[in-house]
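Residues per chain, in single letters:
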Amino acid sequence: MYKSALIGLLGMMAMLTLPQAAQAEYADVVINNYADAAGMRPAVFPHWYHRIRFRCKVCHADLGFKFKAGGNKITMAKIIDGKFCGACHNGEISWSVENCGMCHSGIPGTPTQIHGSTVQRLVAPTYKSLDKKAK
Amino acid sequence: MKIKRFFLVAATALALPVAGMNVGAAEQPVKAAKSAKGKVSGANVFNRLLKKDKQRNAPPSEDGIHDAANDGTHVLQPPIIAYDGLPTTEFGNYVDWVKALDTGLLKPRYDRFDPAVEPLVMDLDIVREVKASMPDVVFPHKPHTQWLHCSNCHPKIFIPQKNANVITMSAILLGTKCGVCHGKVSFPITTKSCKVCHSKPKPANWKPPKSEASLKTPWR
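Residue numbers (this note's numbering), protein chains in the order written: chain A, 1 to 135; chain B, 1 to 220.
Because the hints were derived from the structure by calculation, they are not lab data. It is possible that some hints are incorrect.
DMTMM-like cross-link-like pairs, simulated, lysine to aspartate or glutamate; straight-line CA separation at most 25 Å [as the list claims (entries may be wrong)]: (1) A/LYS78 with B/ASP96; (2) B/LYS202 with B/GLU129; (3) B/LYS142 with B/ASP125; (4) B/LYS177 with B/ASP125; (5) A/LYS68 with B/GLU129; (6) A/LYS78 with B/ASP114; (7) A/LYS66 with B/GLU129; (8) B/LYS107 with A/GLU98; (9) A/LYS66 with B/ASP136; (10) B/LYS142 with A/ASP62; (11) A/LYS83 with A/ASP62; (12) B/LYS207 with B/ASP136; (13) A/LYS73 with B/ASP136; (14) A/LYS66 with B/ASP111; (15) A/LYS73 with B/ASP67; (16) A/LYS68 with B/ASP111; (17) B/LYS156 with A/GLU92; (18) B/LYS210 with B/ASP114; (19) B/LYS177 with B/ASP114; (20) B/LYS177 with A/ASP62; (21) B/LYS99 with B/ASP125; (22) A/LYS83 with A/GLU98.
Since we're looking at a predicted model, the values are computed, not measured.
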């Protein structure tokens with residue numbers, strides 16, 4: 001009896017974790033290097049919002065963001081220190097780090113990815129989160 | 001047994017809406033085809049294996065990545081509002097970013113602090129001859145330097161030297177070379193975007209090159 005209950009429970013969990021069709025904006029980056037393990041929602045970076053205001057060069061040349069989802073090992077300590085997102089999100093150019101929910105707004109458990117990328121459509125999954133490697 | 005029944009009921013209750021959503025997603029292109037052509041069977045829709053976007057530029061709370069239970073999600077701007085009035089394309093964000101910049105509709109900063117800093121634009125087209133019958137590729141430096149800095153691509157992604165870079169479509173689709181950006185942020189590789197790069201028609205007397213094997217042992 002307990003076995004069947006366990007199977008039912010596992011089935012339910014599988015159903016909840018099944019990938020659902022996401023229709024997020026092209027190039028939205030989900031960054032889940034450390035967020036899930038820390039009990040936070042993964043951060044979602046809207047590329048489109050930022051490219052309306054800044055050219056690629058500002059972040060990818062001046063601030064040193066690499067062209068790789070999850071490849072920058074961004075932590076809150078670095079952001080508060082004025083690096084990466086913190087170069088602008090400091091209350092001067094843009095809003096400050098107190099607004100946790102505006103970045104950490106992803107569905108918990110969403111893997112690190114660039115949404116809608118060709119790579120994602122061809123060979124999945126290509127992006128591995130850092131803490132999975134550590135395990 | 002009661003426990004088992006409970007789980008079965010719970011599982012089916014959960015499964016129904018999920019399954020319903022999936023069926024809806026699959027049927028949508030079929031319905032669209034029917035309404036467009038009248039009596040066409042849904043089984044023969046062009047490329048039925050490729051998923052069609054259910055909703056373009058969905059608001060954050062409905063996009064499947066943002067958590068609707070999070071308060072911050074509802075503060076975020078929906079993309080469709082920001083794109084109002086911008087020139088459109090048929091792929092990616094459905095926005096022609098280069099055209100928007102050229103026409104002055106967008107004025108993104110080139111410097112983090114100073115909005116007056118102008119980008120270092122280089123107007124140099126690189127023509128890459130394609131071996132096969134596809135039109136040759138013209139790489140325009142101009143729109144790229146309007147957005148990026150030289151150091152973003154050179155020398156790590158592209159060696160700044162003629163014939164030094166081997167670029168293939170498979171490399172691009174796997175996310176290297178042009179694919180570092182194209183297919184992730186800038187316009188993606190779709191059946192509608194081939195001609196954006198492959199834009200220089202072959203000369204009228206062009207013939208496909210012969211392989212060395214066929215030169216050594218010709219059939220006739």
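Going down the list of hints, with the structure as the test:
As the CA atoms of A/LYS78 and B/ASP96 are separated by approximately 34 Å, the hinted pair breaks the 25 Å bound. Straight-line distance between C-alpha atoms of B/LYS202 and B/GLU129 comes to about 9 Å, which keeps the hinted pair within the 25 Å bound. Of the pairs offered as hints, the one joining B/LYS142 and B/ASP125 holds, with about 8 Å between alpha carbons and a cut-off of 25 Å not exceeded. For the given pair, B/LYS177 sits about 17 Å from B/ASP125 by alpha-carbon distance, which is consistent with the 25 Å threshold.
Between A/LYS68 and B/GLU129, the direct Cα distance comes to roughly 29 Å. Violation of the 25 Å bound is thereby established for this hinted pair. With a C-alpha separation of about 24 Å, the suggested pair A/LYS78 and B/ASP114 falls inside the 25 Å cut-off, and the hint holds. Restraint check for A/LYS66 and B/GLU129: not satisfied, since their Cα atoms lie roughly 30 Å apart, outside the 25 Å limit. Note on B/LYS107 and A/GLU98: the hinted pairing is violated, with a Cα-Cα distance of about 28 Å set against a maximum of 25 Å.
Between A/LYS66 and B/ASP136, the direct Cα distance comes to roughly 30 Å. Violation of the 25 Å bound is thereby established for this hinted pair. The suggested pairing of B/LYS142 with A/ASP62 holds, with an alpha-carbon distance near 20 Å, which does not exceed 25 Å. Pair hint A/LYS83 plus A/ASP62 holds up; C-alpha atoms about 11 Å apart against a cutoff of 25 Å. As the CA atoms of B/LYS207 and B/ASP136 are separated by approximately 13 Å, the hinted pair is consistent with the 25 Å bound.
Restraint check: the Cα-Cα separation between A/LYS73 and B/ASP136 comes to about 39 Å, which exceeds 25 Å; the hinted pair is violated. Of the supplied pair hints, the one linking A/LYS66 and B/ASP111 holds, its CA atoms being roughly 18 Å apart against a limit of 25 Å. Under the criterion of a C-alpha separation no larger than 25 Å, the hint pairing A/LYS73 with B/ASP67 is consistent with the structure, at around 23 Å. Taking the CA atoms of A/LYS68 and B/ASP111, the gap is near 22 Å; set against the 25 Å cutoff, the hint holds.
For the proposed pair B/LYS156 and A/GLU92, the alpha carbon gap of about 33 Å is over 25 Å, so the pair is violated. A threshold of 25 Å between alpha carbons decides the hint, and for B/LYS210 with B/ASP114 the separation of about 55 Å lies outside it, so the pair is violated. The suggested pairing of B/LYS177 with B/ASP114 is violated, with an alpha-carbon distance near 31 Å, which exceeds 25 Å. With a CA separation close to 21 Å, the supplied pair B/LYS177 and A/ASP62 stays within the 25 Å bound.
Distance check on the hinted pair: B/LYS99 and B/ASP125 sit about 17 Å apart at the alpha-carbon level, within 25 Å; holds. Between A/LYS83 and A/GLU98, the direct Cα distance comes to roughly 16 Å. Compliance with the 25 Å bound is thereby established for this hinted pair.
Checked against the numbered hints given earlier, the structure breaks hints 1, 5, 7, 8, 9, 13, 17, 18, 19 and satisfies all the rest.
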